[in-house]
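Peer 1: In the order they appear, the protein sequences are chains A and B.
The first sequence: position 264 = 264 (the working numbering), numbered continuously.
The second sequence: position 181 = 1181 (the working numbering), numbered continuously.
Among the clues, some could well be false.
Stretch-level coverage of chain A by chain B, calculated; a stretch enters the list once three of its residues show a Cβ under 8 Å from a Cβ in chain B [as the list claims (entries may be wrong)]:
#1 60–70
#2 365–374
#3 423–434
By construction, these hints were calculated from the structure, which means they are not laboratory data.
Think of the CB as a built atom: it goes at the ideal place given N, C-alpha and C, for glycine as much as any other residue.
2 protein chains.
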Amino acid sequence: MRRLARVAPLLLAWTATLSLAAEQPPASVILFIGDGMDEHQVTLARNYLYGAEGALAMEQLPLRSSARVQTVREDDPGQFRYVADSANTATTLATGQLTSLGRIATSATTDQDQSTILEAAQKAGLRTGLVSTASLTDATPAAFAAHTAHRSCQSPADMAKAIGYAAATQQCMADQHSRGGKGSIAEQLLAANIDVLLGGGKRYFAQSSKGTDLQKAAASQGYKLLSRRRELLEKGPGSKLLGLFAPGHLPVEWIGEGNRRAQPIALNWLGEPQFSEPFACVDNPDHRGTPTLKEMTSAALTRLSADNAKGFFLMVEGAAIDKQAHRRNPCGEIGELRAFDLAVQAGREFARSHPNTLIIVTADHGQAGQIIPLPEYFLAWGNRQYPPGYYAVLKTRSGELMAVSYATNAPPNGRGEVHTGVNVPVYLQGIDAAQVPPLMDQRQLNRLMRDHLGLNAATD
Amino acid sequence: MRRLARVAPLLLAWTATLSLAAEQPPASVILFIGDGMDEHQVTLARNYLYGAEGALAMEQLPLRSSARVQTVREDDPGQFRYVADSANTATTLATGQLTSLGRIATSATTDQDQSTILEAAQKAGLRTGLVSTASLTDATPAAFAAHTAHRSCQSPADMAKAIGYAAATQQCMADQHSRGGKGSIAEQLLAANIDVLLGGGKRYFAQSSKGTDLQKAAASQGYKLLSRRRELLEKGPGSKLLGLFAPGHLPVEWIGEGNRRAQPIALNWLGEPQFSEPFACVDNPDHRGTPTLKEMTSAALTRLSADNAKGFFLMVEGAAIDKQAHRRNPCGEIGELRAFDLAVQAGREFARSHPNTLIIVTADHGQAGQIIPLPEYFLAWGNRQYPPGYYAVLKTRSGELMAVSYATNAPPNGRGEVHTGVNVPVYLQGIDAAQVPPLMDQRQLNRLMRDHLGLNAATD
């Protein structure tokens, strides 16, 4: 009996292997991109949510690596820059090729279209989906299915506007229909015929191109249009989905108590820092009625996997981790990282019943947030020590205090924090460890995904 | 022929396995600690040294994980702090137990000695060594063989001094001989009878305790005393080594051209930032005559492995990565990270001929340095955007520009930058991948090392 008990699981495992080999479930990829989610932002959220002994869902994926973030210069594509933006890094994840800041799946200087994994998946008959808490026309989702010289070319109305800070070679004019271009990102996303598009950005689609309203065009293309959470949760099976749940980016899930963010340290007349009181994070009332990233992810997975013998490619972006860090809003950032992590959890649950699913969780680039010491630490060194940027002390869920600093761009009325050039974490499951080197770059991540789906690498 | 070519390597591998099993080389551990070397500092050094496509030696180790850095409060050991120092984290790596800021292998509040892996290795008959670019009495090496309430208790002269910023429970008086204590760190390091001690800190050993000069005591204990690079390179075989190559910490290998460091951004009368010119890193003339960390590591490995059937435990610290980041000296920091990485390379070369060697490369805690955009980026956003901390633009070895910011503690005459609370990277070789979870903590790293050496975990 004891011997049988030992052998039985082995027999079961062997039988399972046989039946898997026989059925060969379709290969699918879910790429989760936490925008600006470097390891420092991950640590910040984990500490707040689960304490010093905790772990996020993404951190429990079986494999991890670290990816170099690479950006070439628009004015000299043979040279690298060491800080990226979401446009050029999403381009590399989508295409396996490098480009310059601001570009959406086009090459630096020469403005050639770079073919994406989503396009290759479509050609191979796989289903595709893009899900984001940002406007769907924002850089990260855009780079998987549109090709423009600049991320600002979001809608028909943007195409004639000059972009003051961008190079002459990156103005939207190059992509105008009148010049033989493919038009704005919104138009290109619809033309791409993607099965699932869920996010924000209604105002970019509530426009006309060549005399046709984009949303009407979408409906006539067979899209079911969704604009409320309830519609998403109650949607029937079958049709393609275009969910636009906010005019621009979706509202964030969390804010600080009393809407508090990080602030510059006030000094008294002696030049001594006056640290402000700790605060906790609370639900953002403005998020009510908006689907969570997890709900959008689950809806996308249901639609993409139903009666599908060929698999799918799905990109899910937690966009506002970055956007809230830019705004020095630690509760916004932590709440969005939590929402992203819950979406990863939904992906893992899906993979349990769909075993040939590769899950990659990564970030596009680093952000400004740093965990630094508490006021008591600075005060112990003397009465003139304090951080120079924006600073907040958070009351974590476990009741401990944690201080966060944002200090990459100074002026109070300035454009906010900037990105950093740190390596980004990569968490993976559904792939052989031997295929995952300890140090990678974002082109290699593209290759891993193409290999898993059996797609050839880009040839352009 | 073709078939034989395919089979031959398998046969060789199989034969090698057999002969390994027969000889069973002694299990050894080399623990490399890059002080303050979080992934941001790693990326900074890699970019400078090897460019956007490069990789450090440590990044090429076959396995990687990420470690939570955990610190409890002295005033309430049931609560965590989210920023650590080198004393409490080296303690955790050394003992497998948590403690509070500043403590050297003693427990928070209760001040009980926590037993270290070095002590356990000695009891089991293994050889031991500590190598550092800091004074040997500095927190990281100290925590492996000394037990004090505070890291400042470095030498006999320190034992009666009050430490203004430390808790009443962490004053050195508790460790005075007259109160039944074990005395200063320098005395305890000598009493520990470690086979190899190489680093700085001569001034802490050029003191007397209970009427005996510490260096004379060391010589009568059988130590060969070394104080110059040439003595280290020419040392004969056999005896225990005490190398003290500087009065305090060793001089750093690199400095900025013209001794330049990061600086606050000057503003003109319109409030517009005046960014200063880029600079490169150059050799520090003050380092001449000082052994490199690689030379000390190689000397230690030779001594520890010669005619040794029982293996060894060696800790190698790159101490000034942290110290130079505190001082906003990017060239100092990069040069020390490079020196550390070359020592790792020496460790890897050693492991090639000593296959039962576990190598762990990690950091104790995070530091302030961040790679942020170049001046041209800030200027493109307008003429009032600039980083609020200390900023430098470096000319990397590949001729590209990279900007670094230090912005955690403001005042120009202040105590310098502070540590951050980010997870730290862990690079490993010589261990089965199944034993390395993707997320760890520093207690687990201690357990991995003890397991590899066949030592029981601490029971206190």
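Peer 1: For every hint, state whether the structure bears it out.
Peer 2: Consistency of the hints with the structure:
1. 60–70: holds (count 9)
2. 365–374: holds (count 7)
3. 423–434: holds (count 4)
The structure meets every hint from the earlier list without exception.
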